[in-house]
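Novice: Take the sequence shown: its position 63, counting from 1, is numbered 63 in this note's numbering, and each next residue is one higher.
Errors might be hidden in some of the hints.
In silico SDA-like links for lysine to any residue, alpha-carbon gap of 20 Å or less [stated by the list, open to error]:
no.: 1; residue 1: 44; residue 2: 107
no.: 2; residue 1: 42; residue 2: 86
no.: 3; residue 1: 37; residue 2: 126
no.: 4; residue 1: 44; residue 2: 110
no.: 5; residue 1: 44; residue 2: 94
no.: 6; residue 1: 137; residue 2: 47
no.: 7; residue 1: 137; residue 2: 32
no.: 8; residue 1: 44; residue 2: 125
no.: 9; residue 1: 137; residue 2: 40
no.: 10; residue 1: 42; residue 2: 25
no.: 11; residue 1: 137; residue 2: 91
no.: 12; residue 1: 42; residue 2: 32
no.: 13; residue 1: 42; residue 2: 109
no.: 14; residue 1: 42; residue 2: 137
no.: 15; residue 1: 137; residue 2: 94
no.: 16; residue 1: 135; residue 2: 41
no.: 17; residue 1: 37; residue 2: 120
no.: 18; residue 1: 37; residue 2: 105
no.: 19; residue 1: 135; residue 2: 53
no.: 20; residue 1: 135; residue 2: 48
no.: 21; residue 1: 137; residue 2: 36
If you're looking for bench data, these hints aren't it; they were derived computationally from the structure.
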Amino acid sequence: MISKNKGFTLIELLVVIAIIGILSSVVLASLNTARSKGQNAKVKAQMAGLRGAAEIYYDTNQSYATTAVTGTACASVAATLLADTGVRSYLDGMPNGVTEKCYATTGSTGGYSVATSLIVAEGTNNAWCVDSTGKSKAISDTTALVAVTCP
């Protein structure tokens, strides 16, 4: 009687395992990129919500601030839109690891601007900015924000 061994050789099994490992590393790298872009989308959505909440604050108070805010880290400053719970909720809902910079001027002709860093750079832009003129755009960095309008 002739007996034949059926099955795979050790080399064949190692090659298949190596191919599976390479493919899984490519998939995991793509997932990390997608996750980071999703965090950027969250930053932009939070900033859009903040802009709406700031306009509601202005409509109620006829001013964005009674105390000027110049380039702070968006801490809750009394008598400004940054202390308003509606606006504050959007800043507090940002993903971990973002930095923020805020400006606000006083009076009915005043304005505001808020910039937050992005999780992953989009080209040469590392931050997102919104302001009282309606701008919502990418900027090079939060340090580029130096006034109540986005650069």
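Novice: Of the hints given before, which are not true for this structure?
Specialist: 1, 4, 7, 10, 13 and 18
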